[in-house]
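There are 2 protein chains.
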Amino acid sequence: MERVAIIGASMTQFGQREGEWIMDLLAEAGEECLEDSGVDASAVDHLYVSNMASGEFEGQTGVPNALAHDLDAMPAYTQRVDQTSSSGGAGIYAAWQSVASGASEMTLLVGGEKMTHRTTGEATDVIASLTHPVEYKHGVTLPSFAGLTARHYLERFDAPRESLGKVAAKNHRNGVDNPHAQFQKEVDLETILESPVVADPLRLYDFCPITDGSAALMCCPESVAQEYTDTYAVISGIDGATDTHVVHEREDPTVMGGVVESGNGAYEMSGLEPDDIDVAELHDMFTILEFLQMEGLGFAEHGEAWKLVEEGYTERETGELPVNTSGGLKSKGHPLGASGVAQGVEIYEQLVGEAGPRQVDAEAGLCCNVGGFGNCVITTIMEAAQ
Amino acid sequence: MERVAIIGASMTQFGQREGEWIMDLLAEAGEECLEDSGVDASAVDHLYVSNMASGEFEGQTGVPNALAHDLDAMPAYTQRVDQTSSSGGAGIYAAWQSVASGASEMTLLVGGEKMTHRTTGEATDVIASLTHPVEYKHGVTLPSFAGLTARHYLERFDAPRESLGKVAAKNHRNGVDNPHAQFQKEVDLETILESPVVADPLRLYDFCPITDGSAALMCCPESVAQEYTDTYAVISGIDGATDTHVVHEREDPTVMGGVVESGNGAYEMSGLEPDDIDVAELHDMFTILEFLQMEGLGFAEHGEAWKLVEEGYTERETGELPVNTSGGLKSKGHPLGASGVAQGVEIYEQLVGEAGPRQVDAEAGLCCNVGGFGNCVITTIMEAAQ
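So the protein sequences, as listed, match chains A and B.
Quick note: the first sequence uses the UniProt record's numbering, first residue 1, plus one each step.
Quick note: the second sequence uses the UniProt record's numbering, first residue 1, plus one each step.
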């Protein structure tokens, strides 16, 4: 079977996009991706829109049809992909399947969410609706799970609280060089460690913000890619997996089964191992998640990711495995449906040498997009074209 | 490439399912489909949930994760497929792609919607959110489009108003023999033609009801199907296509471009022609749509579907091409995300000889699922295993 290539990418400014709505954001990213890849809208066969909740946030549904219209991509087939906070990764998987199955020779994936026009309480309510009703009704929301897990992790593995803060500090440092990031500023460790408590031991700076934004990728068979460009990436491994929807049923709160399973699947498909990965985008919706993914994906032993962070292993300029060179969800922002696509945009740009001041030396990259509290996870491995 | 087979199907009672919620309905259909196909939940690789609006209708999102949990199908990958009223057809396409791409060896598709706990006004508001805001704000909803189109069709093609009524009467007759249909009763032409006007010239009986329900299909490669059963169907053709999202921009209101394009794609892929189709499920959300699809799919010349209906061409027991043997959306009901899957269930049952009193003689069947007012359409052709 022919490999699936990525030949173009785009990302809007992430942040508070006042006066702009979901369709504005999706159209902006979609148009830029068409331009970046040199593909005419009429050549698009399938158009996927990763979006969790345009209906709940904005009262508008049918956004894929509206986008096909706005981009003048009709009669391209179109569909919305929702996998809550991992909708973007699920979109990459849908796009990959559309090309790998032969259904589409040119697939445009656009992920996006418009959230900041709602109050934090309203936005949190929409997000919390993805949790199991039993847990939700008892007041256990995603930040609570993160706090409980972080406390357990720090105690069990004798990890210092500072190690979590260092994840946030690193990702904020990386975000300074990402012109599309919501926060392009360094935050020192002291500020992070003294910020207001949200879910003990996690504090404000352990959490990603609420964000508007959109990101896009253009996928096609490798033979078609070569008609457009010499510099492209291929998706060499991709897999998704679920864990229990009732989070408290999991045997070990420090192991996300979906991360492990999807990672194993992606490694097996690509023939690569954790050591072969040169750069990774991990789903740092909460700082503790960066530890759990580093361990679940085999970059660190169980309970030891914090040591690697302390040692600078994940630093962009000096580390062996730069993690979240884009700034991560932490500083780049987390517009739900866009986040997983934006992870893919960063890895693509690193592989084709378009990451500008964030550029690292990379032949293979990985992104891991986490839905819910690990309820569903998609891991994607990309490689630079040989 | 190996063909994609369907080895099992299920459908819950459609109608007003008081006190049951989206998760109850999805789990019921999912469990029955596992049983019908003889597949253990642990063998499911991918689980797709076709659903338009569980968040808007019920305040619950993340239903695919919840269903993977309820069916004990973890770590199966799962995702929600939304394509408004054609979410079910889009789910069949997603399931097909998952198997055809090699990503999944066993894909369970479950479509469902829970709507009747909301008032008709509330439910209509959710559905209307899929239309283009420009048209919606001017008060043009889907029923209005249907009324305008029907008036134009009847005048332009000199078709009698009765011909539309005969579509409803036929589908109600078929529904009598479908134990899962919302309405299992005949309705005579006079009652239909004298029912209250909704969108002139269309009346109450030209419209499908608001419905709760779920339906499911099990898909796998043909070689895997043969390990389970000798009687299965294959998806030999499938394609989806969009038309303008702003409906009034279309050149000819009696031609749905998405029907034509997706039909052509499905015929080309299967190598079949309209004459080869023995039974069809068409998206009769409004009676006029059955005419437009018969013509767009090549079963009738443009402007002449009404004549075939008058002649009895689409009757189940005596017609050359039985249409909506299940009762159609008209009598079976239209739980948005379930409808396209339920179309597939009917065609599958016809092809494997499990349609009971509705059984017709069929080697090849087609279903056409329409999103919005033809904004996106998916056409699927299935054939009985040779």
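Hints are computed from structural coordinates only; laboratory data are not their basis.
Be careful, since some hints might not be right.
Which stretches of chain B does chain A cover? Using the computed rule of at least three CB atoms under 8 Å from a CB of chain A, they are [unchecked claim]:
hint	stretch
1	75–82
2	347–356
3	368–380
Which chain B residues face chain A? A few, computed with CB under 10 Å, are given here [stated by the list, open to error]:
hint	residue
4	G15
5	G19
6	M23
7	E58
8	S129
Using N, Cα and C, we set each Cβ at its ideal position, and we do this for glycine too.
So, going through the hints one by one against the coordinates:
1. Coverage of the stretch 75–82 of chain B by chain A holds. Counting CB-CB distances below 8 Å, 8 residues qualify, and the rule asks for three or more.
2. Taking a C-beta to C-beta cut-off of 8 Å, the stretch 347–356 of chain B contributes 0 residues in contact with chain A, too few for the three needed, and the coverage statement is violated.
3. With a threshold of 8 Å between beta carbons, the proposed coverage of the stretch 368–380 of chain B by chain A holds, since 5 of its residues qualify and at least three are required.
4. With its C-beta approaching chain A no nearer than about 24 Å, G15/B sits outside the 10 Å limit, and its interface hint is violated.
5. Of the supplied interface hints, the one on G19/B is violated, with its beta-carbon coming no nearer than about 15 Å to a beta-carbon of chain A, more than 10 Å.
6. Hint on M23/B holds. Least Cβ distance to chain A is approximately 9 Å, under the 10 Å limit.
7. Given the 10 Å rule on beta carbons, the hint for E58/B holds: about 9 Å separates it from the nearest Cβ of chain A.
8. About 5 Å separates the beta-carbon of S129/B from the nearest beta-carbon of chain A, less than 10 Å, and the hint is met.
Checked against the numbered hints above, the structure breaks hints 2, 4 and 5 and satisfies the rest.
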